[in-house]
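Following the hints, put chain B in place on chain A, whose structure we already have.
Residues per chain are reported as follows:
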Amino acid sequence: DTAVSQTPKYLVTQMGNDKSIKCEQNLGHDTMYWYKQDSKKFLKIMFSYNNKELIINETVPNRFSPKSPDKAHLNLHINSLELGDSAVYFCASSHGTESWGYTFGSGTRLTVV
Amino acid sequence: GQNIDQPTEMTATEGAIVQINCTYQTSGFNGLFWYQQHAGEAPTFLSYNVLDGLEEKGRFSSFLSRSKGYSYLLLKELQMKDSASYLCAAPLGGYNKLIFGAGTRLAVHP
Chain A
639 DTAVSQTPKY LVTQMGNDKS IKCEQNLGHD TMYWYKQDSK KFLKIMFSYN
689 NKELIINETV PNRFSPKSPD KAHLNLHINS LELGDSAVYF CASSHGTESW
739 GYTFGSGTRL TVV
Chain B
245 GQNIDQPTEM TATEGAIVQI NCTYQTSGFN GLFWYQQHAG EAPTFLSYNV
295 LDGLEEKGRF SSFLSRSKGY SYLLLKELQM KDSASYLCAA PLGGYNKLIF
345 GAGTRLAVHP
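Residue numbers (this note's numbering), protein chains in the order written: chain A, 639 to 751; chain B, 245 to 354.
Just chain A, with the same shape it has in the complex (with noise of 0.2 Å):
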């Protein structure tokens, strides 16, 4: 039973295409955060959405664009993909906004050439 799943694991794409990454969380937990890892292994927050209502949105170029359908998912738009957005990316889900410590999901290695 995976709690915070991710699809895909692994996505190899051109430049200038656009992809999705899927998070799903069967915790019952109703905050969820895309984070991005990169080359030199530092996390940062993207994003964030609470009961499907956006509640972090940290500097990132507007052709990223989360969608949350409902508060157990947390999908990552993003177009005209770029060299530097080569990177892991993580979905994370917690229980309420003010409670502490999160559930990673596994992981997507996004890959532009």
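Hints were generated in silico from the structure; no laboratory data involved. Bear in mind that the values here come from a model prediction, so they are computed numbers and not experimental data. A portion of the hints provided could be inaccurate.
[Claimed, not checked] Chain A regions said to be covered by chain B (calculated; three or more residues, Cβ under 8 Å): (1) 677–684; (2) 725–734; (3) 740–750.
Beta carbons are placed, not taken as given, at the ideal position from N, Cα and C, and that holds for glycine.
Okay, now just chain B, sitting in the frame of chain A:
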């Protein structure tokens, strides 16, 4: 602002003890987390400290000093499987936004 610093790499011998330090500067304090991340895998929760002192959990312990903006993760009886990155993280604000340090890559050798 928010800043979290930890050493980039450490090495240790199987069976030994290693201490991974973390210093942080945060506007407001809401506790400090440690996560473990094996290569190619997701970070997994290790510990959370909100009060000063040492929290022990099996072979792993975590210490916090709020006045010094300092924490450490202590790993005892090191095993090869402990080779991983250890991430220090602090929540920012009221929206459970975790800010991570760059991580300390620990290599355990025989």
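Hints violated by the structure (numbers, ascending): The structure conflicts with no hint, since it agrees with every one listed earlier.
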